[in-house]
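Chain A is fixed; fit chains B and C onto it per the hints.
These are the residues of each chain, in order.
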Amino acid sequence: MRFFAIYQSLLDVLLINCCVAFSQYVVLRAGVFSLATSGIVSIGAYTGAVLTMRYGLPAWAGLLAGTAFGALVSIILSLPLARLRGAFQAIATISFMQIVVSVTLYAESITSGALGIHNIPKLVSTGTLVVVVAALIWLLSSINASSIGRAFDAIREDETVAVALGISIVKYHTIAFALSGAIAGLAGALLAYNTRAIDPEQFGFGLLVIALATVVLGGRVSVWGPVVGATLLTLLPELIRPLADQRLIVYGALLMIVIIYLPEGIVDTLKARWSRKSAPPQISAG
Amino acid sequence: MFAQQILNGLVVGSVYALFALGFTLVFGVQNILNLAHGALFMVGAFVGLYAVTLVDLPLVVALLLSILAAGCIGVLLDFFAFRPLRKRRGGEFPAIMSSIGANLILISIAQQISQAQVSGFPFGTFPIVIYNFLGLRITLQQIAILCCVMLFTTVLLLIIYRTSFGRQARAVAVNERTALLFGVNPSQVYALTFFIAGGLAGAAGFIIGLAFNSVHFLMGEPLLLRGFVVVILGGMGSVVGSLVAGLTLGIIQTMSVFYFSSQISDIIIFSLLFLILLIRPTGFFKGLRQDVRVGRN
Amino acid sequence: MTLLSLNNVERRFGGLRAVAGVSFDVPAGRVTGLIGPNGSGKTTVINLVTGMLGVTSGRITFKGDDISELPPHEVARAGVARTFQSIRLLRDLTVLDNVVIGFHRHEKTNLVENLFGLPAARRERREFRDRANVLLKRFGMTDYANYAAGQLSYGHQRKVEVMRAVAAAPDLLLLDEPVAGMNDVEAYELADLLRELVADGIAILLVEHNMRFVMSLCEHVHVVNSGQLIASGPPDAVANDPAVIAAYLGEARA
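Chains as they are written, first to last, in our numbering: chain A, 1 to 286; chain B, 1 to 297; chain C, 1 to 254.
Just so you know, these hints were derived from the structure itself, not from any lab.
Possibly wrong hints are sitting among the right ones.
BS3-like mimics (lysine-lysine), calculated; alpha carbons at most 25 Å apart, straight line [as the list claims (entries may be wrong)]:
| # | chain 1 | residue 1 | chain 2 | residue 2 |
| --- | --- | --- | --- | --- |
| 1 | C | K108 | A | K171 |
| 2 | B | K87 | A | K271 |
| 3 | C | K108 | C | K63 |
No experiment lies behind these values; they were computed from the predicted model shown.
Pulled out of the complex, with its shape left as it was, chain A reads as follows (with noise of 0.2 Å):
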């Protein structure tokens, strides 16, 4: 019981570490270079927050508006960046990720500021982090079987084949930015009632660099990538102990090597290894 305890607020971690993965993934699968997501991860917590400490509102409906605030924000966000592409969506969407820490350090009469919000009721507990990320890993597959999933398929592969074959670019990325931007307001309102404080800065460059992080280790196509993605990063730290000082260093050389020489991802690296082991015959069968 004991061990439990001591690695419950571990797994707590490693959980919303998931969803968050998730809102990252679904963006990157779609082929939108999005970095908004720790944005609306920030929005998603300080609704749920806010409603539950200054409207009394219970769990679900913090968790429920926090979602669907998310959504809202990032399809809103998506109608501007539906003709950028490449480094201009990331600029984009930082800058986004800065208005809000901005906006959210300003608006004290509501967030209080940097200080941020303290002592917010523990209303969500382990057992509902797993059922929703369970709930979200069955959506997420069901997803990537359906014509949405061939769909980003072709989008991220090359845009200008699927436009050819009569794929709507437009509609796709809104529903990828809706996907993820709901995820991430649950991931948010998840995380205020888990961890029970928030601020502003948290949600910045730090949050950001994790949730893409979890997607190049473990991979943006299969759905077990960010999920393997996000335990790696959840157990690092505890596995580099030794190492704790120079963490930051552990962190960017894993990066870059795991960018440069397993650029698929570990999980879809796997899934490629595994189901393709040899090239096909090259005589003409006819």
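Positioned in the frame of chain A, the structure of chains B and C alone reads:
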């Protein structure tokens, strides 16, 4: 008061421009968004600081050393973070992720060395001389900063448009494969580009570190964000654009901090960035890189 | 019956006229050829028809509707499919998955059904996979179904591209150099397949350099040079047209 703020803004803005020059150069030539550029800025500040405080070198020498050091780190950055990715397809994502990783490493090393302390230059490192000009208050330091930036910008323009390296860099920026056919060695061009970019960032770091008397391992991060604004506003790959945009940003920032607050200032600046990306993502000046994919033509 | 009609179509890039005053029709049930020297504007014409490029002036009509201003995905949905000069397959997906994506415009399930994996969506997926397998069998590629598309030989990759285009069950098929890199056996096989498709009523616009292929398949050929139409007619007439010979071999030899 108003005019004073504009003056202050111009000075700050000129350093933003200096920082952004290297950033936009790398993007223009290599199509890479180098998120470790802020770290190069920080390296320059630290090297300059230690040159002055530990080795007691004169300011100009310290400046040159910061440029050299940051330039070399830039070359190393290119070698370890970007070179292995050059043959890869996959768009900008891998390079950006790699630069994030490199950034973490550089910041962490700096954190270790500086033990997370905020350091400053000893009092009087730069003589405090204040002039009164047309009712405006301007310090010798501010004049020196403006002169430095103008000098570096001019040198950069000369390099790009008057040297053989500059021609090669421009050729590679337009089309790497064709440049190869003309005998250009892209690897050399890329390495040298990073050296110049790093040098410029390092110079900016030293200048800011000295001017605000604050050197710490995270000082590059807020500058990176400012760099985005400058580069988008001015046009990716445009030297003149970076200059104008940097000055503009400096003014906007100084004014909005003065009249409102620093959070409002951030909100204004990043909303502006967002707006520009919507209306005119390629910026307002022509640069080295003309082809930007923005949907159907 | 004319399926596709180009009317005085022009496309400028700044001061450069890539395509100027091009007019021709593509009838259903026939293979129409579009040939010309390198850089003559053939691929630009295809890009204009598919909507990847907008026309500077002129009109393009398809099945009676003006498609000049339509965005590319809507042109595709209207029943136009194409292959690409440089093969564009989704390299990391299997051959089967590449063909399954071709069925996109025939999807009948809605967003909700796909979001939650409802039976209708799963049924549609099975149906598409079955239809894809039928296509693979028809093209003789069943053995390759589960290999990554990027691993195949050049000739096979071209076949997969054609399969994907055919999967869309288009009314108009635009083929941009479909037999480049294929050996004669493969080219003949493809020619037979195209004849079958045309017999079913599809219109085909074929851009090709392989003259034997063009001559054996096309009833009617249009020749472009420097963005302009310089000759039209049955293949043997066009082959002997002095203007065409001059375009390919240079003025001095005419």
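Hint-by-hint comparison with the structure:
1. C:K108 with A:K171: holds, 16 Å
2. B:K87 with A:K271: Judged against 25 Å, a Cα distance of about 24 Å means the pair holds.
3. C:K108 with C:K63: Holds: K108 of chain C and K63 of chain C sit about 23 Å apart, inside 25 Å.
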